[in-house]
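Let the sequences and hints guide you as you build the complete structure.
Protein chains: 2
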Amino acid sequence: MEFLKAITAKEAHDMITAYPVSPHTEIVDITEALGRVLAYDVVAEEDIPPFSRSLVDGYAVKVKDTQGARETNPALLYLKGEIRIGREAQVVLESGSCIYLSTGAMIPEGSDGVVMQEYTRKMGDAIEITRAVYRGENICYTGEDIQKDSAILRKGRRLSPFDLGALSALGITGIWVYRKPSIALISSGDEIVEVGQKPAPGQIRDINRYTVASSLQRKGAAVTFTGIAKDDIEDITGHLRASAKHDMILVSGGSSKGERDYVTAAIEKLGGEVLFHGINIKPGKPTIFGSLWGKPIFGLPGHPASCMMVVIRFVLPLVRRLEGESGADEQRTTGILTTNIPSSYGIEEYVRARIHHNENRCRITPLFAKSSVISSLSQASCYIIVPEGKEGFEKGDEVTAYYLD
Amino acid sequence: MEFLKAITAKEAHDMITAYPVSPHTEIVDITEALGRVLAYDVVAEEDIPPFSRSLVDGYAVKVKDTQGARETNPALLYLKGEIRIGREAQVVLESGSCIYLSTGAMIPEGSDGVVMQEYTRKMGDAIEITRAVYRGENICYTGEDIQKDSAILRKGRRLSPFDLGALSALGITGIWVYRKPSIALISSGDEIVEVGQKPAPGQIRDINRYTVASSLQRKGAAVTFTGIAKDDIEDITGHLRASAKHDMILVSGGSSKGERDYVTAAIEKLGGEVLFHGINIKPGKPTIFGSLWGKPIFGLPGHPASCMMVVIRFVLPLVRRLEGESGADEQRTTGILTTNIPSSYGIEEYVRARIHHNENRCRITPLFAKSSVISSLSQASCYIIVPEGKEGFEKGDEVTAYYLD
Numbered sequence: 038m039e040f041l042k043a044i045t046a047k048e049a050h051d052m053i054t055a056y057p058v059s060p061h062t063e064i065v066d067i068t069e070a071l072g073r074v075l076a077y078d079v080v081a082e083e084d085i086p087p088f089s090r091s092l093v094d095g096y097a098v099k100v101k102d103t104q105g106a107r108e109t110n111p112a113l114l115y116l117k118g119e120i121r122i123g124r125e126a127q128v129v130l131e132s133g134s135c136i137y138l139s140t141g142a143m144i145p146e147g148s149d150g151v152v153m154q155e156y157t158r159k160m161g162d163a164i165e166i167t168r169a170v171y172r173g174e175n176i177c178y179t180g181e182d183i184q185k186d187s188a189i190l191r192k193g194r195r196l197s198p199f200d201l202g203a204l205s206a207l208g209i210t211g212i213w214v215y216r217k218p219s220i221a222l223i224s225s226g227d228e229i230v231e232v233g234q235k236p237a238p239g240q241i242r243d244i245n246r247y248t249v250a251s252s253l254q255r256k257g258a259a260v261t262f263t264g265i266a267k268d269d270i271e272d273i274t275g276h277l278r279a280s281a282k283h284d285m286i287l288v289s290g291g292s293s294k295g296e297r298d299y300v301t302a303a304i305e306k307l308g309g310e311v312l313f314h315g316i317n318i319k320p321g322k323p324t325i326f327g328s329l330w331g332k333p334i335f336g337l338p339g340h341p342a343s344c345m346m347v348v349i350r351f352v353l354p355l356v357r358r359l360e361g362e363s364g365a366d367e368q369r370t371t372g373i374l375t376t377n378i379p380s381s382y383g384i385e386e387y388v389r390a391r392i393h394h395n396e397n398r399c400r401i402t403p404l405f406a407k408s409s410v411i412s413s414l415s416q417a418s419c420y421i422i423v424p425e426g427k428e429g430f431e432k433g434d435e436v437t438a439y440y441l442d
Numbered sequence: 038m039e040f041l042k043a044i045t046a047k048e049a050h051d052m053i054t055a056y057p058v059s060p061h062t063e064i065v066d067i068t069e070a071l072g073r074v075l076a077y078d079v080v081a082e083e084d085i086p087p088f089s090r091s092l093v094d095g096y097a098v099k100v101k102d103t104q105g106a107r108e109t110n111p112a113l114l115y116l117k118g119e120i121r122i123g124r125e126a127q128v129v130l131e132s133g134s135c136i137y138l139s140t141g142a143m144i145p146e147g148s149d150g151v152v153m154q155e156y157t158r159k160m161g162d163a164i165e166i167t168r169a170v171y172r173g174e175n176i177c178y179t180g181e182d183i184q185k186d187s188a189i190l191r192k193g194r195r196l197s198p199f200d201l202g203a204l205s206a207l208g209i210t211g212i213w214v215y216r217k218p219s220i221a222l223i224s225s226g227d228e229i230v231e232v233g234q235k236p237a238p239g240q241i242r243d244i245n246r247y248t249v250a251s252s253l254q255r256k257g258a259a260v261t262f263t264g265i266a267k268d269d270i271e272d273i274t275g276h277l278r279a280s281a282k283h284d285m286i287l288v289s290g291g292s293s294k295g296e297r298d299y300v301t302a303a304i305e306k307l308g309g310e311v312l313f314h315g316i317n318i319k320p321g322k323p324t325i326f327g328s329l330w331g332k333p334i335f336g337l338p339g340h341p342a343s344c345m346m347v348v349i350r351f352v353l354p355l356v357r358r359l360e361g362e363s364g365a366d367e368q369r370t371t372g373i374l375t376t377n378i379p380s381s382y383g384i385e386e387y388v389r390a391r392i393h394h395n396e397n398r399c400r401i402t403p404l405f406a407k408s409s410v411i412s413s414l415s416q417a418s419c420y421i422i423v424p425e426g427k428e429g430f431e432k433g434d435e436v437t438a439y440y441l442d
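First to last, the sequence lines map onto chains A and B.
Note that this note's numbering has the first sequence beginning at 38, numbered continuously upward.
Note that this note's numbering has the second sequence beginning at 38, numbered continuously upward.
Among these hints, one or two may not hold up.
Straight-line alpha carbon distances no greater than 20 Å define the calculated DMTMM-like cross-link-like pairs of lysine to aspartate or glutamate that follow [said to hold, decoys possible]:
1. K99(B) with E131(B)
2. K42(B) with E155(A)
3. K427(B) with D84(A)
4. K42(A) with E231(B)
5. K306(B) with E362(B)
6. K99(B) with E146(B)
7. K235(B) with E83(A)
8. K192(A) with D366(A)
9. K319(A) with E48(A)
10. K117(B) with E165(B)
11. K267(A) with E119(B)
12. K256(B) with E69(A)
13. K47(B) with E69(A)
14. K407(A) with D149(B)
15. K235(A) with D186(B)
16. K319(B) with E155(A)
17. K99(A) with D162(A)
18. K267(B) with E231(B)
19. K322(A) with E48(A)
20. K192(B) with E362(B)
21. K235(A) with E271(B)
22. K256(A) with D442(B)
23. K322(B) with E165(A)
24. K432(B) with E396(A)
25. K322(A) with E155(B)
26. K267(A) with D149(B)
27. K235(B) with D84(A)
28. K267(B) with D366(A)
29. K192(A) with D442(B)
30. K235(A) with D84(B)
31. K407(A) with E231(B)
32. K407(A) with E181(B)
Treat the hints as calculated values from the structure; they're not laboratory data.
Fair warning: this is a prediction, and the values are worked out from it, not measured in the lab.
So, in structure tokens, the structure goes:
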């Protein structure tokens with residue numbers, strides 16, 4: 038029997054990153070585009086705002102007319118009407134006069150500042166200005182938000198609510214994004230039963246189906262569960278064949294090297310290739326990565342916590358590439374460790390932890406639990422990475438914690 | 038004309054937190070439960086795992102039989118068969134013998150440790166054990182993950198992928214959650230046109246509809262856009278009436294005090310009550326909060342960045358309460374400011390910023406932009422809060438940054 042010749046986490050990342058993917062594109066409505074990944078750069082075809090606008094309710098003035106104005110020595114300007122919101126400014130502001138406008142109204146030609154209503158007094162058909170205005174004060178100039186011909190959003194970006202705001206400002210309602218990758222998920226193991234079943238002695242319910250599927254769906258993938266496979270080469274190849282039309286295949290369980298190494302056997306039987314089997318990480322060592330029918334396939338550890346850490350660290354980055362996303366950053370925080378974390382040299386370890394923010398300080402408390410334990414992930418809000426070149430961290434060390442949710 | 042008598046951010050939070058809400062409940066399938074909020078505590082009716090399991094491929098032993106075992110002086114144990122995965126262990130382990138089992142298989146009675154296959158050698162029908170085993174080694178005991186009768190998930194918790202794993206382990210397929218709150222969204226302003234339209238001079242396209250709706254949807258709310266209202270008391274009351282069946286109403290634009298204060302007027306005309314108008318924050322001062330037909334209503338600033346900061350700071354906490362969520366923590370990081378942030382005493386200010394992680398250090402760079410500018414939110418990854426009692430922060434200060442996405 039052959040034991041794991043595990044590769045390093047970096048080698049695994051490199052091989053996964055080198056795996057070629059070619060995401061497809063589709064057009065979606067702006068109301069459906071949240072969280073989708075842009076397939077082309079968006080270049081502004083207009084200035085936003087399309088005209089200079091007032092940021093406040095007040096009076097458009099010439100700045101030089103307000104020089105030296107103060108409460109006890111106001112500048113007196115003649116009120117020459119109002120520019121209605123939503124209308125074109127059809128007057129030109131002349132020296133010695135001012136024009137009323139409310140927030141968002143167009144700045145008239147000849148004006149280079151707006152005085153807030155709070156710093157004015159109405160005196161018949163004149164306005165007393167009690168404060169000097171600086172050039173550009175309370176004006177949002179044409180193109181100040183978005184400049185015509187500028188690339189405002191880059192290909193590969195996952196669209197946020199704010200991005201949708203920028204797109205709507207430009208009148209873009211149909212957005213070219215990458216298609217959601219379609220991922221097939223198989224659970225395997227003679228001991229695994231459906232969640233609705235009462236396990237017989239020696240059996241347990243399927244957990245990985247729900248944790249893995251929901252994590253991938255949250256990142257924008259379309260997940261199809263193709264069932265529970267028995268520890269049997271025929272049954273596993275059958276499930277793999279049923280997953281052939283998807284962009285990626287995940288099999289949880291059956292990834293240990295040894296007598297039950299059905300996933301490797303099934304990949305090879307179907308003409309695929311195992312690229313690596315085993316990563317020097319904890320938890321998650323017995324992980325398989327390969328290629329079948331030109332598509333990436335992972336064999337994931339059966340233990341729920343191991344399985345999820347491998348999904349988070351190794352599967353999701355590939356899912357993001359399948360989605361066309363480039364250069365996304367995980368949300369994380371730096372903080373002070375509250376206890377020692379022992380770890381073994383030569384293994385990259387993922388330690389689940391909790392975060393406590395207090396004022397501008399952050400404390401990070403590791404939770405120690407076995408890899409089979411799902412409740413520890415439920416209780417954790419983050420995880421810490423102990424690099425393979427370190428034998429753990431000490432209490433008081435400053436570390437980076439990655440948010441789990 | 039009346040100017041804003043603004044209240045503090047804390048007073049605003051207190052009034053919003055005091056607003057009574059009573060979320061309804063419904064039952065959903067586990068495959069639909071991600072991100073939903075639990076309506077009842079979940080108490081485990083079983084131990085998980087339901088039996089003690091092996092964490093590795095190897096041999097179940099009696100720990101005392103392996104005492105002192107090492108490579109050069111192995112313990113010799115007779116192999117008394119195998120416990121198949123998914124089956125009940127029907128043998129009792131006796132001293133001097135061992136039983137083969139693979140990862141996940143049931144531990145036989147009489148065994149208190151499992152030796153990994155890597156530390157064994159097969160010698161005919163005996164096994165040489167080359168390493169001593171400690172008590173409990175490689176065993177996950179009955180109930181070690183989840184203990185029967187323990188409350189594993191509390192009411193008010195937003196369900197994560199890991200929570201779904203814990204629920205599936207317990208065989209819980211139908212989950213009682215709070216109903217998604219239904220939120221009506223109205224854009225208002227004579228200058229606002231639909232995103233598909235070409236704005237005439239003085240007009241701009243609706244931005245807030247898309248930024249606000251997508252932010253609320255991401256947090257689990259069901260948002261209905263009820264159209265663009267003109268700056269006209271009849272049109273606004275008409276839109277409010279059309280929103281009456283929803284759990285909360287949001288109107289963006291028309292919230293400044295002054296001639297265009299149609300939202301306040303419309304709320305009062307319909308028999309509602311304005312609870313506050315104006316918060317000492319920047320951006321977002323002209324914010325209205327009130328009660329109409331026993332439901333909360335917000336008047337949001339029209340400027341896109343102001344509008345979104347008010348949604349993030351003041352609307353979302355109420356949306357979370359409407360969803361039944363309790364005690365959620367925003368994702369944040371601590372870091373070092375790269376430039377000064379000037380701010381005014383007496384105003385709570387929200388400054389958009391970018392985060393740069395490098396090793397275990399985090400640097401935070403403020404982006405300065407006008408409140409009307411949506412592209413600055415698109416570029417920011419976080420925001421910093423300058424408390425009202427501070428006149429800004431200095432370069433090098435340690436601050437907390439809240440993730441925007």
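Tested hints:
Under the criterion of a C-alpha separation no larger than 20 Å, the hint pairing K99(B) with E131(B) is consistent with the structure, at around 8 Å. A C-alpha spacing of about 12 Å is found between K42(B) and E155(A), which places the hinted pair at or below 20 Å, so the restraint holds. Taking the CA atoms of K427(B) and D84(A), the gap is about 36 Å. The hint is violated against a cut of 20 Å. Using a Cα cut-off of 20 Å, the hinted pair K42(A) and E231(B) is violated, with the two alpha carbons roughly 60 Å apart.
For the proposed pair K306(B) and E362(B), the alpha carbon gap of about 33 Å is over 20 Å, so the pair is violated. Pair hint K99(B) plus E146(B) holds up; C-alpha atoms about 10 Å apart against a cutoff of 20 Å. With a C-alpha separation of about 11 Å, the suggested pair K235(B) and E83(A) falls inside the 20 Å cut-off, and the hint holds. A hinted pair counts as satisfied when its Cα atoms are at most 20 Å apart, and K192(A) with D366(A) qualifies at roughly 16 Å.
Taken as a hint, the K319(A) and E48(A) pair is honoured in the structure, with Cα atoms around 15 Å apart against an allowance of 20 Å. With a C-alpha separation of about 14 Å, the suggested pairing of K117(B) with E165(B) holds against the 20 Å cut-off. Note on K267(A) and E119(B): the hinted pairing holds, with a Cα-Cα distance of about 18 Å set against a maximum of 20 Å. A distance of roughly 15 Å separates the Cα atoms of K256(B) and E69(A); the hinted pair therefore holds under the 20 Å criterion.
Between K47(B) and E69(A) the alpha-carbon distance is near 35 Å, which puts this suggested pair outside the 20 Å criterion. Our distance criterion of 20 Å between C-alpha atoms is met by K407(A) and D149(B), whose separation comes to about 17 Å. For the hint linking K235(A) to D186(B), the alpha-carbon distance of about 18 Å falls within 20 Å, and the restraint holds. Of the pairs offered as hints, the one joining K319(B) and E155(A) holds, with about 17 Å between alpha carbons and a cut-off of 20 Å not exceeded.
The hinted pair formed by K99(A) and D162(A) meets the criterion: a straight-line CA distance of about 18 Å does not exceed 20 Å. For the hint linking K267(B) to E231(B), the alpha-carbon distance of about 12 Å falls within 20 Å, and the restraint holds. Only pairs whose Cα atoms come within 20 Å are accepted, and K322(A) paired with E48(A) is accepted, the gap being roughly 13 Å. Proximity of K192(B) to E362(B) is assessed by CA-CA distance (about 8 Å); at most 20 Å being required, the pair is judged to hold.
Straight-line distance between C-alpha atoms of K235(A) and E271(B) comes to about 61 Å, which puts the hinted pair past the 20 Å bound. Restraint check: the Cα-Cα separation between K256(A) and D442(B) comes to about 13 Å, which is no more than 20 Å; the hinted pair holds. A threshold of 20 Å between alpha carbons decides the hint, and for K322(B) with E165(A) the separation of about 25 Å lies outside it, so the pair is violated. Simply put, K432(B) and E396(A) have alpha-carbon atoms about 18 Å apart, close enough for the 20 Å limit, and the pair holds.
Of the supplied pair hints, the one linking K322(A) and E155(B) holds, its CA atoms being roughly 14 Å apart against a limit of 20 Å. Only pairs whose Cα atoms come within 20 Å are accepted, and K267(A) paired with D149(B) is rejected, the gap being roughly 28 Å. At most 20 Å may separate the alpha-carbon atoms for a hinted pair to count; K235(B) and D84(A) meet this at roughly 13 Å. In summary, the hint linking K267(B) to D366(A) is not supported, as the alpha carbons are separated by about 41 Å, beyond the 20 Å threshold.
Between K192(A) and D442(B) the CA atoms are separated by roughly 18 Å; this keeps the pair inside 20 Å, and the hint holds. For the hint linking K235(A) to D84(B), the alpha-carbon distance of about 13 Å falls within 20 Å, and the restraint holds. At most 20 Å may separate the alpha-carbon atoms for a hinted pair to count; K407(A) and E231(B) exceed this at roughly 55 Å. At most 20 Å may separate the alpha-carbon atoms for a hinted pair to count; K407(A) and E181(B) meet this at roughly 9 Å.
Hints 3, 4, 5, 13, 21, 23, 26, 28, 31 from the earlier list are contradicted by this structure; the remaining hints agree with it.
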